[in-house]
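Peer 1: Take the sequences, apply the hints, and build the full model.
Protein chains: 2
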Amino acid sequence: MASSIVRGKYLISKVMSPTEATVIADGAVYQRDGEVVEIGTYADLAGRYSPDEVIGSPEHVIMPGLVNAHHHVGLTPFQLGSPDYPLELWLASRVAARDVDPYLDTLYSAFEMIESGVTTVQHLHSARRGPAPTWPKLADQVLRAYRDIGMRTSYAFGFRDQNRLVYGPDEEFVKGLPPDLAPDVSALLGGMAIDFDQYISSLFVDLYESWGRNRAERVRIWLAPTNLHWCSDKVLVAVKEYATRYRAGIHIHLLETVYQKLYAQRRFGVSAVRHLYDLGFLGPEVTLGHGVWLTEEDVELVARTGTCICHNPSSNLRLQSGIAPVNYFAERGVRVGLGIDEAGINDDRDMLQEMRLALKLHRVPGMGRAVPTSPQVLQMATQHGVHTTGFADRIGSLEPGKSADIVVMSLRNIAEPYLDAEVPIVDAVVHRGRSADVETVLIAGEVVMRDRHFTRVNKAEVLRELATSLKAPLRPDEVKRRELTRQLFPYVRRFYDGWIPPEGEPFYRQNQRG
Amino acid sequence: MASSIVRGKYLISKVMSPTEATVIADGAVYQRDGEVVEIGTYADLAGRYSPDEVIGSPEHVIMPGLVNAHHHVGLTPFQLGSPDYPLELWLASRVAARDVDPYLDTLYSAFEMIESGVTTVQHLHSARRGPAPTWPKLADQVLRAYRDIGMRTSYAFGFRDQNRLVYGPDEEFVKGLPPDLAPDVSALLGGMAIDFDQYISSLFVDLYESWGRNRAERVRIWLAPTNLHWCSDKVLVAVKEYATRYRAGIHIHLLETVYQKLYAQRRFGVSAVRHLYDLGFLGPEVTLGHGVWLTEEDVELVARTGTCICHNPSSNLRLQSGIAPVNYFAERGVRVGLGIDEAGINDDRDMLQEMRLALKLHRVPGMGRAVPTSPQVLQMATQHGVHTTGFADRIGSLEPGKSADIVVMSLRNIAEPYLDAEVPIVDAVVHRGRSADVETVLIAGEVVMRDRHFTRVNKAEVLRELATSLKAPLRPDEVKRRELTRQLFPYVRRFYDGWIPPEGEPFYRQNQRG
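Each protein sequence line maps, in turn, to chains H and D.
All the letters of the first sequence, read from the start, carry residue numbers 1 to 514 under my numbering.
All the letters of the second sequence, read from the start, carry residue numbers 1 to 514 under my numbering.
Because the hints were derived from the structure by calculation, they are not lab data.
Please note that a few of the clues may not be correct.
Sample of chain H residues with no beta-carbon within 10 Å of chain D, all distances over it, derived [to be verified]: (1) P83; (2) R245; (3) Q320.
Derived SDA-like pairs: lysine to any residue, alpha-carbon spacing no greater than 20 Å straight-line [what the hints assert, rightly or not]: (4) H/K471 <-> D/N413; (5) H/K480 <-> D/A421; (6) D/K471 <-> H/A421; (7) H/K9 <-> D/P58; (8) H/K480 <-> D/V423; (9) D/K459 <-> H/I414; (10) D/K471 <-> H/V423; (11) H/K471 <-> D/P58; (12) D/K480 <-> D/P183; (13) D/K471 <-> H/A415; (14) D/K471 <-> H/A460; (15) D/K459 <-> H/V423; (16) H/K471 <-> D/P183; (17) H/K459 <-> D/I414; (18) D/K137 <-> D/P58; (19) D/K480 <-> D/A187; (20) H/K471 <-> H/A460; (21) H/K480 <-> D/E422; (22) D/K471 <-> H/K480; (23) H/K9 <-> H/E38; (24) D/K471 <-> H/E59.
Heads up, the beta-carbon is just placed ideally off N, CA and C, and yes, glycines get one too.
Peer 2: See the structure below:
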């Protein structure tokens, strides 16, 4: 480890309020051994410290590393042949996806994330297929990829033990299938089964032990009951106990679609959030992924318990989930992180693009309405987002004592050929900053990307290996799975016939029939 | 002029339906003197023709040039210091914007458009300030810029003669201002005045005569009564007559915000669309810009008259206008073009990004709901968009007899490191194609950008000149205007107090309070 001064025409240290950020003109960070020692003007710090190197220039803007608070895979479902469908159908279509090497796959999306300024990822590992005893090896490959590229990672393997194809019992669903289809679907589901104790021991405790017991600089191991419908209450309660015992956090997908809202009402007679609240599940260590269909009453419970929400705007548009009522979350003081999920609006992992979508998507008509500001969106991607990972107190701003996760962006595209002198720099970055402007990225003080070149991993070689690994034709089992998925699709679709969403008062009104 | 064969791994010729496009594998276009002579496989065409050059390769995809159906300026309002506000406030804030050389400014956005595959632009020229006798010179500078870079341009200068600061008479609004403010605002408005006959003669007929009488290959002169509230009925009727006499089209902003909907109801007692219908204004040569707040009944009138709509999704989000009910437009068979307006979601002019936003924004929850497909979005940007310009029968697809407006895109980012073989190429381009993938662009058979280099204009030099022209400090009149705008702002805001949008049934439901 070593020391450096990272300087820019502007240093964005921290968001203070929806309209204000702490910015130092001609500012710099002095970091030593991965920790921010001091921030100030470059002139002052350069006069008092003798760093090993100086990074940045007056043609750059410096800001805290970004947090992608909800991430799953490398190659996108679209690339692998699953078009965007409503979520429930899309999940069924993904059973067909061919296998990809988890190590190379993880590096692929890590490239895109770091290139867009992401230094911390909440990785939610979903094993789409069994057998379960192979899963710890997959987990290890993902974690090794992040370790090798140098990325800060909060990792959780997803647990599911019911309702795996539709929002109803697997056995009943399989029973309703034609006799020529049912046995294959049964076999597929059987291979996916994992016992909860086995999950905890091999995919939580073992990882926790072997990856630094949640005290390493760049790794945390979390828990992820994947969604309410996929877990029994017993499992949810047990997960909460393990989280408390190990001081780990929990990320659970919740109310991503209106069908999930209907499901919870049918199963419990109360809302999904109310049910989790009644179980004692909610709390500041818990993040709800998506939360599109929370009601006002749900948001109250979330706010009261200090639970976090992760907003995934691209994903919610792509899979016809809706638009999460982020304006109301903000009004009620809920901490909201920002996630790209499987892929952003451009079918890649571009955090600046995702921030921009979050910035513009919630601008509901009506003068005087509070809508997200640029500082608020930056806060979602930094100071709020960190609470949805295992690094809450370590990162999210550039201040003495924090880890030195730093993004160095060129001001060229942002400020040229012209930018009015009165535009605040946070506004300029959030409105105009592009992935291509991110030049250098430090994680825990280490330069992991310098002038767009990764320092630890050969990107071109990894992409070549990944491409080569996929050049082989589909294996017979992959061809069979694709055929099986095609046959299964209409039955999944049919399952939701008659699940009519009730038409209540929306949070957002963006057009009108009459 | 000359001949060329433009080839690709795929040639996208034409969209046939929401799920189908005519695509030729290993396809090519043979064009001579700017017109498509034949399309077919490359092997076939190369065997039968001897073109001056071959463009493209099996690593490219070839498609028709895109149409940006609603464009105004080069440097964006954001760059010039006007943050995104609700439209009515934003218009007021823009009075402060400093002056930019129209020639350089037009080239600036033309670079961005062509780089993202746009070959045809509907330029709606809004003079923000007077004096009006200087406006023909501005028009000429804009048209010369497009001529010099080689871009196909449908041009219309906007006309306004009332309600220029708020949705109410100028005189009454000025009367309500404090005495120290009123005279300056009056002076500002006075300088903006233009007589309708003067408008027609100097900004329509003169341009029509001097730019090829709407028969030149790359220029059309259109009419643009800027919005309903800005024009008297007399003007609207006269514009329609001129359009008919000169076989020109009309582009009118309409129902961009809910406040404009309320305004029309207050002024006429009927909807804005109904009023235009009653005036006999609607028709296939008319495009309504935005159309966010059309009702079901309005859409019926639009469909019945063959009127077009231009959808501007980024602009509508940025200025808190709402989301146009594009799904309902499609259901009723309305032709919808796509426009980037002043700037897209990333504060630039990226047509592929705008297409992607249009693709994802209308995915309202609910299985079985018809939402825009990739072919439909490509159709908006080509075959439908052309009807909102003066080139309807000349462009929009690659077929014999059409003008050779052709985009050559690299397949690298779209298809690497992997793309499932079953993904249709139109889906792949619309989901994953980026501005950076556009390598070469032909307009009327002429290569205007080759391997990202503009052939007729030195981009670096233009950007340098533009930057230099803006390096001077604000002139005293610019400083004064900025101060005036600041003082005026709260009065514009106050004007809309009590304009409460009624809460009717929305077209789109994307979340729910209870």
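Peer 1: A separate judgement is required for each hint: does it hold in the structure or not?
Peer 2: Comparing the hints with the structure gives:
Annotated as non-interface, H/P83 brings its C-beta within 10 Å of a C-beta of chain D; the closest such distance is 7 Å. Every C-beta of chain D lies more than 10 Å from that of H/R245, the closest at about 36 Å, which supports listing it as non-interface. The Cβ of H/Q320 sits about 4 Å from the closest Cβ of chain D, inside the 10 Å cut-off, so the non-interface label is violated. Straight-line distance between C-alpha atoms of H/K471 and D/N413 comes to about 17 Å, which keeps the hinted pair within the 20 Å bound.
Under the criterion of a C-alpha separation no larger than 20 Å, the hint pairing H/K480 with D/A421 is consistent with the structure, at around 16 Å. For the suggested pair D/K471 and H/A421, the alpha carbons sit about 11 Å apart, so the restraint of at most 20 Å is met. This hinted pair does not check out: H/K9 and D/P58 have alpha carbons roughly 45 Å apart, beyond 20 Å. Annotation: proposed proximity of H/K480 to D/V423 holds, straight-line Cα distance about 18 Å (limit 20 Å).
Annotation: proposed proximity of D/K459 to H/I414 holds, straight-line Cα distance about 18 Å (limit 20 Å). Note on D/K471 and H/V423: the hinted pairing holds, with a Cα-Cα distance of about 16 Å set against a maximum of 20 Å. Simply put, H/K471 and D/P58 have alpha-carbon atoms about 18 Å apart, close enough for the 20 Å limit, and the pair holds. For the suggested pair D/K480 and D/P183, the alpha carbons sit about 13 Å apart, so the restraint of at most 20 Å is met.
Distance hint between D/K471 and H/A415 is fulfilled; the C-alpha atoms sit about 12 Å from each other, no more than 20 Å. With a C-alpha separation of about 41 Å, the suggested pairing of D/K471 with H/A460 is violated against the 20 Å cut-off. Between D/K459 and H/V423, the direct Cα distance comes to roughly 26 Å. Violation of the 20 Å bound is thereby established for this hinted pair. For the given pair, H/K471 sits about 73 Å from D/P183 by alpha-carbon distance, which is inconsistent with the 20 Å threshold.
The hinted pair formed by H/K459 and D/I414 meets the criterion: a straight-line CA distance of about 18 Å does not exceed 20 Å. Our distance criterion of 20 Å between C-alpha atoms is broken by D/K137 and D/P58, whose separation comes to about 46 Å. Pair hint D/K480 plus D/A187 holds up; C-alpha atoms about 13 Å apart against a cutoff of 20 Å. Distance restraint check for H/K471 and H/A460: the Cα-Cα separation of roughly 16 Å lies within the 20 Å cut-off, and the hinted pair is therefore satisfied.
A C-alpha spacing of about 15 Å is found between H/K480 and D/E422, which places the hinted pair at or below 20 Å, so the restraint holds. The straight-line distance between the Cα atoms of D/K471 and H/K480 is roughly 65 Å, outside the 20 Å bound, and the hint therefore fails. At most 20 Å may separate the alpha-carbon atoms for a hinted pair to count; H/K9 and H/E38 meet this at roughly 17 Å. With a C-alpha separation of about 17 Å, the suggested pairing of D/K471 with H/E59 holds against the 20 Å cut-off.
When held up to the earlier numbered hints, the structure conflicts with 1, 3, 7, 14, 15, 16, 18, 22 and fits the remainder.
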